[in-house]
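Colleague: Chain order of the listed sequences is D and L. FYI, in numbering that gives the first Met the number 0 the residues of the first sequence are 0 to 286. FYI, in numbering that gives the first Met the number 0 the residues of the second sequence are 0 to 326.
In case anyone wonders, no lab produced these hints; they're calculated from the structure. One thing to keep in mind: the hints can contain errors.
Restraint-style ranges between C-beta atoms, simulated for each label pair [stated by the list, open to error]:
#, chain 1, residue 1, chain 2, residue 2, range
1, D, Ile78, L, Arg201, 35 to 43 Å
2, D, Leu71, L, Arg142, 27 to 35 Å
3, D, Tyr262, L, Tyr225, 24 to 32 Å
To list a few chain L residues with every Cβ distance to chain D over 10 Å, as calculated [stated by the list, open to error]:
#, residue
4, Gly91
5, His106
6, Ile122
7, Tyr157
8, Tyr287
Bear in mind the structure is a predicted one, so any value in this text is a computation, not a measurement. Note that the Cβ used here is the ideal one computed from N, Cα and C, for glycine as well.
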Amino acid sequence: MSMSLLQVLIGGLLLGAVYALFSSGLTLIWGMMNVVNFAHGDFVMIAMYIAFMVWKLLGGGPFMAMPIAAMLLATLGIIAYFALVRHVMKGPMLAQILGTFGLALLLRYGMFWTFGANFQSLPENLVGGTYDLWGIRIQASRLLAGTLAIILTIALHLMLTRTSLGSKMLAVAEDATAAQLMGIRPDRMQAIAWGLAAGLTGIAGALIATFFYISPTVGETLAIIAFVTVSLGGFGSITGALVAGLLIGVIESLSGYLIGAVYKDIVVYTIFIAVLWFRPQGLMGKN
Amino acid sequence: MKRSVWLLLILALVVAYPLLFATPFLQRLGALVLLYAIAASAWNIVGGYAGQVSVGHVVFFGCGAYASMAFYTHFGWPPIAAVPVGMMASIGIAALIGVPTLRLSGHYFSMATIAVAELARLIVTNIEALGAAVGLSGPVMPRTVFDLSFTSALPYYYLFLAVLLVVLGLTYWMENSRIGFYLRAIKDNERAARSLGVQAGRYKLYAYMISAGLTSVAGALYATMYGFIDPDSGLGILTSVKILIMAALGGAGLLFGPLVGAAILVPLEEISNNVLGGKGAGLTFVVYGAIIMIIARFYPSGLLRLVLDRLAAANSASSDKKVRDAA
Numbered sequence: 000m001s002m003s004l005l006q007v008l009i010g011g012l013l014l015g016a017v018y019a020l021f022s023s024g025l026t027l028i029w030g031m032m033n034v035v036n037f038a039h040g041d042f043v044m045i046a047m048y049i050a051f052m053v054w055k056l057l058g059g060g061p062f063m064a065m066p067i068a069a070m071l072l073a074t075l076g077i078i079a080y081f082a083l084v085r086h087v088m089k090g091p092m093l094a095q096i097l098g099t100f101g102l103a104l105l106l107r108y109g110m111f112w113t114f115g116a117n118f119q120s121l122p123e124n125l126v127g128g129t130y131d132l133w134g135i136r137i138q139a140s141r142l143l144a145g146t147l148a149i150i151l152t153i154a155l156h157l158m159l160t161r162t163s164l165g166s167k168m169l170a171v172a173e174d175a176t177a178a179q180l181m182g183i184r185p186d187r188m189q190a191i192a193w194g195l196a197a198g199l200t201g202i203a204g205a206l207i208a209t210f211f212y213i214s215p216t217v218g219e220t221l222a223i224i225a226f227v228t229v230s231l232g233g234f235g236s237i238t239g240a241l242v243a244g245l246l247i248g249v250i251e252s253l254s255g256y257l258i259g260a261v262y263k264d265i266v267v268y269t270i271f272i273a274v275l276w277f278r279p280q281g282l283m284g285k286n
Numbered sequence: 000m001k002r003s004v005w006l007l008l009i010l011a012l013v014v015a016y017p018l019l020f021a022t023p024f025l026q027r028l029g030a031l032v033l034l035y036a037i038a039a040s041a042w043n044i045v046g047g048y049a050g051q052v053s054v055g056h057v058v059f060f061g062c063g064a065y066a067s068m069a070f071y072t073h074f075g076w077p078p079i080a081a082v083p084v085g086m087m088a089s090i091g092i093a094a095l096i097g098v099p100t101l102r103l104s105g106h107y108f109s110m111a112t113i114a115v116a117e118l119a120r121l122i123v124t125n126i127e128a129l130g131a132a133v134g135l136s137g138p139v140m141p142r143t144v145f146d147l148s149f150t151s152a153l154p155y156y157y158l159f160l161a162v163l164l165v166v167l168g169l170t171y172w173m174e175n176s177r178i179g180f181y182l183r184a185i186k187d188n189e190r191a192a193r194s195l196g197v198q199a200g201r202y203k204l205y206a207y208m209i210s211a212g213l214t215s216v217a218g219a220l221y222a223t224m225y226g227f228i229d230p231d232s233g234l235g236i237l238t239s240v241k242i243l244i245m246a247a248l249g250g251a252g253l254l255f256g257p258l259v260g261a262a263i264l265v266p267l268e269e270i271s272n273n274v275l276g277g278k279g280a281g282l283t284f285v286v287y288g289a290i291i292m293i294i295a296r297f298y299p300s301g302l303l304r305l306v307l308d309r310l311a312a313a314n315s316a317s318s319d320k321k322v323r324d325a326a
């Protein structure tokens with residue numbers, strides 16, 4: 000295998016890890032309360048702008064931006080749950096979908112109005128330079144983002160499967176009424192899930208901002224990537240999202256390298272349609 | 000009886016509107032209201048009656064618009080002549096999205112509609128024959144009357160009105176036919192409808208295909224009136240947003256809901272564009288986002304339903320009073 004192909008593969012895996020990180024929040028919420036957050040990509044976009052402002056006003060890098068973005072986004076997620084989602088999730092399908100879709104537009108065009116349509120980016124050497132390992136060049140920013148994203152996604156999976164809070168959340172996902180009879184408050188668990196999912200988009204956004212363009216409409220692209228990841232990984236599955244995220248990162252990088260950068264999104268979106276046709280339950284899902 | 004009198008009165012007003020308010024701005028505004036009412040009424044068939052929320056309806060709008068402009072550019076057809084081509088393409092795309100997703104929960108359908116609209120925008124942006132990022136233009140000068148290229152908005156107004164009446168007529172017929180009853184049963188409780196032998200997936204797909212075909216007509220009319228189409232206006236997500244917000248604000252699942260929504264939002268947008276100029280572009284959609292959230296949270300059945308319920312309540316209150324007075 001040529002070195003440049005290997006470099007593309009590693010780059011794809013590192014990017015895919017970040018996709019997995021923010022998609023895991025979407026799949027958590029979907030699996031738990033059967034609501035798709037159409038504003039999920041725009042949450043990541045807001046976090047990217049927070050990282051941009053942290054650098055511009057305070058001169059800080061991702062390590063300063065991550066906790067700030069995580070905190071602000073978690074707050075936004077919990078507010079969105081109590082003010083909007085809790086009410087629309089029991090309503091008709093139209094209300095469920097339009098609720099978060101309206102939120103997406105509000106965030107997207109709010110940022111558009113404030114910052115303009117121009118693309119922004121953080122300085123290239125904010126995290127560090129580029130490493131050269133036996134001829135494979137890896138940017139420090141991508142290495143940091145990918146590694147942290149994998150660790151956090153696995154941590155979320157362990158939290159859900161190994162801790163008492165995780166068990167309570169899964170119990171609500173399984174049957175909210177039964178969980179309530181066991182003394183678990185579904186409302187509180189669902190609010191925690193929204194805080195957690197949105198907080199993770201905060202971290203993912205602060206990480207991805209170090210090497211990705213920042214614009215008000217980037218959320219739409221990221222949201223579709225999250226939809227593909229979640230459908231490919233299987234409804235509600237964090238490990239599925241991790242595998243699918245890595246896979247999509249690699250496919251995107253490979254198609255960018257082999258066919259051309261313009262076509263990488265076209266390839267990813269086509270895979271989405273193919274998954275819906277041939278394997279709607281996803282790679283890890285059962286029927 | 001009373002209802003049909005009211006409807007005739009409103010229809011007479013709608014027909015007379017461009018003659019009563021004979022300024023170019025108001026005539027154009029009226030034509031635009033009718034154009035978006037056509038698209039929103041078409042959306043209403045799948046989004047309102049079948050309860051499947053398409054958030055990428057612009058892909059059908061774009062099919063119609065691009066078909067008319069492409070057939071003009073490459074074969075010299077009058078723009079309106081390619082309407083059947085746009086309809087066939089739209090119905091095909093509707094099947095591509097609908098067949099796999101309408102069996103699954105409604106979320107998959109909504110996600111797929113966004114992804115396919117964005118996919119279509121990316122593909123068209125890279126196809127030279129469809130004008131790529133620059134777009135396609137129609138006839139600069141009308142060659143014959145069939146090009147439907149007029150400087151005044153008046154002919155468009157009556158053309159759009161005629162098409163809108165056909166769309167509403169179709170919707171009314173559908174509402175009261177077998178498919179309408181099935182769709183209502185599916186929307187109320189899909190599992191119950193299935194257990195009674197209604198083939199839910201199939202009827203949702205029919206509704207989606209009809210809706211897609213009619214939306215492409217709106218796209219072709221748009222292209223004919225503006226004589227120009229590019230990936231943003233023909234396939235951008237904001238046009239999807241406009242289509243669905245008009246139907247949802249007015250009243251999804253009500254015959255005249257989309258018309259009411261268009262009559263409120265189109266003037267609002269035109270006025271805000273005129274007052275705010277370029278600055279208003281982002282702000283308009285911030286307001287739209289807020290309106291969509293408020294509808295979802297408080298009035299998921301829309302404004303027209305709210306007004307009708309109020310009227311019905313007032314009526315029953317006054318008839319109660321009559322009964323009491325008589326007693």
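Colleague: Now look at each hint and say whether the structure bears it out.
Modeller: Here is how each hint holds up against the structure:
1. Ile78(D) / Arg201(L): 35 to 43 Å: holds (41 Å)
2. Leu71(D) / Arg142(L): 27 to 35 Å: The hint (27 to 35 Å, Cβ to Cβ) is violated, given that leucine 71(D) and arginine 142(L) are roughly 59 Å apart.
3. Tyr262(D) / Tyr225(L): 24 to 32 Å: holds (30 Å)
4. Gly91: Fine: 13 Å to the nearest Cβ keeps glycine 91(L) off the interface.
5. His106: Given that some Cβ of chain D is not farther than 10 Å from that of histidine 106(L), nearest at about 4 Å, it is violated.
6. Ile122: Nearest chain D Cβ is 6 Å from isoleucine 122(L), so the label is violated.
7. Tyr157: holds (33 Å)
8. Tyr287: At roughly 6 Å from the nearest Cβ of chain D, tyrosine 287(L) sits no farther out than 10 Å, so the non-interface label is violated.
Taken one by one, the earlier hints fail for this structure at numbers 2, 5, 6, 8, listed in ascending order.
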